[in-house]
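Spelled out from the first residue to the last, the chains are:
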Amino acid sequence: MPFGPRLDRPSAVGDEGRPRETSLAVATAVVLAVALGVGVAIGDPVFFTGFALVVGLTVAGMALLERDRIRETVVGHLLFLPGTSTLLVVVGLSGGPALVVAGTAAALAGVGGAWADVGDGPSVKRALKGGIVSYLFGLVWLVIAGLAVGLGLGFWNVATGLAGGARPAWALAGFWFVLGTVCLCVRLAVWAIPAAELAPRDRKRRVERRVERLGRRLVFVWLGTFVLTWVFALLGFSGNFRSAGVGPGAVLVEALTARILIVPLVVTGGVSLGIALLGTLARKTTTEYDASTSGTVAAALAGAGYVGVVTILALSAGLLPVVAVVIVLISVVLPLVVFVALVFAVVAIELGFVPDGATPLALAAAGLVAVAVGAAGLGTPTGTGASGLLVFGATAGALVVWDVGTFGLGVTAELGHLPDTRRLELYHGVFAVGVGVVAVAVATAADAVVRPVGASVGTHAAMAVAAVGVLLVLVTLRS
Amino acid sequence: MTGRRQRWSGGVAVAVVLVTAGIWNRSTTLLLAAAVPLAYLAYGAVSTARVPEGLELARTVEPSPAPPGRPVEVTLTVTNDSGRTLSDLRVVDGVPANLAVLSGSPRLGTTLGPGETVETEYTLVARRGDHEFDPPTVRVRGTGGGAVATMERPATGADSVVCRLDADAPPLDDRGARRVGQLASDDPGDGVTFHSTRDYESTDPAARIDWRHYAKRGELATVNYDRPVSTTVVLVLDARPPCHVAAGPGRPTAAELGAYAATRALTALLRGGHDVGVAVVGREGDGPAGLHWLPPGGGREQRARATDLFRATSVDRDRAASVDRDESGANDAANGAYDFQFRKAAELAPARSQLVLVSPALDDGTVSAAETWAAFDHPRTLLSPDVVPSNTVSGRLESVQRRARLARCQATGARTIDWRRGTPLPVALEEAFAVEARATAGGGR
Chain A
479 MPFGPRLDRP SAVGDEGRPR ETSLAVATAV VLAVALGVGV AIGDPVFFTG FALVVGLTVA
539 GMALLERDRI RETVVGHLLF LPGTSTLLVV VGLSGGPALV VAGTAAALAG VGGAWADVGD
599 GPSVKRALKG GIVSYLFGLV WLVIAGLAVG LGLGFWNVAT GLAGGARPAW ALAGFWFVLG
659 TVCLCVRLAV WAIPAAELAP RDRKRRVERR VERLGRRLVF VWLGTFVLTW VFALLGFSGN
719 FRSAGVGPGA VLVEALTARI LIVPLVVTGG VSLGIALLGT LARKTTTEYD ASTSGTVAAA
779 LAGAGYVGVV TILALSAGLL PVVAVVIVLI SVVLPLVVFV ALVFAVVAIE LGFVPDGATP
839 LALAAAGLVA VAVGAAGLGT PTGTGASGLL VFGATAGALV VWDVGTFGLG VTAELGHLPD
899 TRRLELYHGV FAVGVGVVAV AVATAADAVV RPVGASVGTH AAMAVAAVGV LLVLVTLRS
Chain B
25 MTGRRQRWSG GVAVAVVLVT AGIWNRSTTL LLAAAVPLAY LAYGAVSTAR VPEGLELART
85 VEPSPAPPGR PVEVTLTVTN DSGRTLSDLR VVDGVPANLA VLSGSPRLGT TLGPGETVET
145 EYTLVARRGD HEFDPPTVRV RGTGGGAVAT MERPATGADS VVCRLDADAP PLDDRGARRV
205 GQLASDDPGD GVTFHSTRDY ESTDPAARID WRHYAKRGEL ATVNYDRPVS TTVVLVLDAR
265 PPCHVAAGPG RPTAAELGAY AATRALTALL RGGHDVGVAV VGREGDGPAG LHWLPPGGGR
325 EQRARATDLF RATSVDRDRA ASVDRDESGA NDAANGAYDF QFRKAAELAP ARSQLVLVSP
385 ALDDGTVSAA ETWAAFDHPR TLLSPDVVPS NTVSGRLESV QRRARLARCQ ATGARTIDWR
445 RGTPLPVALE EAFAVEARAT AGGGR
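Going line by line, the protein sequences match chains A and B.
The numbering used here runs 478 ahead of the 1-based position in the first sequence.
The numbering used here runs 24 ahead of the 1-based position in the second sequence.
Accuracy of the hints is not assured; some may be wrong.
Computed beta-carbon distance windows for the label pairs [said to hold, decoys possible]: (1) D154/B - T764/A: 46 to 56 Å; (2) T174/B - L617/A: 52 to 62 Å; (3) V524/A - R177/B: 46 to 56 Å; (4) P159/B - V815/A: 21 to 31 Å; (5) T180/B - G912/A: 49 to 59 Å; (6) D898/A - P138/B: 47 to 57 Å; (7) V524/A - E80/B: 35 to 45 Å.
In case anyone wonders, no lab produced these hints; they're calculated from the structure.
From the three backbone atoms N, C-alpha and C, an ideal C-beta is built for every residue, glycine too.
Chain A extracted, bound-state conformation (with noise of 0.2 Å):
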């Protein structure tokens, strides 16, 4: 295993699996080359790594969204939408060529997930519904989470702006109104609590009792509290409760309504609602949880981490409220170009237009092809005729990634992953690096020869006569 462990898990001869190493390696190389060659014509050599590791990740979460383990899941989750949508602002903010340098991640994505063995139609369909799923998890979390800040924070406004006698009433409604809460918290956090069936058997029956019972108790509690609110306020409302400003009542009020008493009623209450949460989560995921679910919990935690993610960014810039806010749309919108991206990937898999196994190849040669297109409007910092050769290197590399690629995958097809076909594989690379090479020397020379009489080819007619030709050759050739 030359290249580190393998992120797929081939498991038989037919049509599963990804193409073998050695093909691949021969891939890896032709894309790298071309990338470093647009490097070098756009003067920037390795502007390609700014994206490669994003790419990487991007891929990572993908083949990691077909695992069954939730952790392994929630990971891929956590890589591959934040991944993609990074790309795109990283490819969108590169200042290079656009063509040229989203044809080289594509070309990089492409034979990454070659090495990955990820998309395929399946994988594809996996990554688009999970990515949905998640980023619907995204939205519901961010919800809830502003909803609880929001109550959180008014919650604590009421219990800490409870003091001071000069409307003692509403003080008191207040207070009240508080404990009753607590008290539904608590009762919350009892019954969502196993205590009776973590008790030693012997003492079970005793335990539940005491459950309960006290849950009753608190029920109660409530319920007094829940009058108790309603007298105050209504006292409040007509008037007739007013305070003395001395006295016992005074007392009592000032201390019913004091921060030392009220603060640890709210925090008491908090801790018993996320002790029920936690209570309610263990029992379900312990007694409902199956196979079946685990896509949809490795979503709804994925979810939470972009959150949590998003939120980072955007405290990270809260000195600037006018990017967390862009950060935040950003990281809501982003999502939706990348979905759309995929359905139109799964759309042409479906139809036929992308061969299934070989997709990520098919990505690859056609990133690089994207390159070609967009290294023929490159100018030549130097003057000597490379974008010319960038062309020409790049069509030529997309065939070899095709070429090299497609072989690779009929040997895994045929023979699996046990059998040793380096010396096979790496006669069939170098034979096609040597066809591309014979190919772009011709074409270069020919390039060399045509350019001084450019403007007479480059008439509509010749033009068309040409890749008419071109076209009836290939055909023929291809039958």
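Knowing the structure of chain A, use the given hints to seat chain B on it.
Quick look at chain B alone, frame taken from chain A:
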């Protein structure tokens, strides 16, 4: 069979894109680039492929014959004597359909120059019977990968995997080991292991005089040796339907492994001079209670009869289910009949004989048999081949249940030997009988 594969649809698509972009941008460079795919199509189109006559294939199988469950190494050697380089050669050996590849691969793919040889090795798991290989499939491609020629080319050398129950059993002498037996008795006798000394008697042979004793004390003494004795062993083979399961596709069933273990035990015991009887439970026979029953006896004829019996009763049923199966609806009536057969086997065993049950212990019938036999005054041994896979959840559960059954059998007073996969059977048998021999030595005849 020869043909061509279309591998360059993508090349045509690339050319179309480049031509379109070239016309759109009025770029001669892109139009020239559209000609690059031509080179690849031409490269694929001009290549040809055929399987040369000089391609030689040879196969070796080791060991052959092999007992059930034994890994069998297969080596397929391919030699290119054609005088030209085969740029893309792929060979797939015709593995017998009933056998599973344990490790390695029967497939190879390489580039093979003139005079070069390449080989692939793989391991099969032997199952009882003769399993013939299909001819290897050879596929040759042209340099461009477009032209393909495929054919079946027979291999010289071994053409089948032969698996017999008595494959590694040593030959049996007409009169056993020319000794009374191999179990040691408490009484002195004519063996080779020192037992004690006694006063010399005039009829004692001179070779047994203890000369050291005479040198020290001036009195003649005679050396006694351990007296080898023999006993009677009844092998009971469990061939009930639950035993016709395998650890996986192409693996021997528990019944096959049990028959192999019984065959080896039979041979070892007969060589030791013991009398051996055979009972097969679970297959309808013409003996008492529907048993296949072979009364205790010795010699080669007894072994031949017993081996034939094992061979006949260990053949696969219509299906060999997986061990981690779910067959909760057991046939109670059949189980009752099998319990009766187990009891009958113990009743048929001569007094003071040993009972050896060979069973995978995949259901409670084995425990029931051990509990039934506890009522008889026979030393009892359970030899249990392990066919439970440990790489599945249900297999692990089954493994725990099986071990619990072995423990329950042991609790009845039976000696249990767990023949784990990967442990050579002779080791398990040696442990099974050597220790038991000590325990029952006084009971020999």
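message: Hints numbered earlier in the text: which of these fail when held up against the supplied structure?
response: Structure breaks hints 4, 5, 6 and 7.
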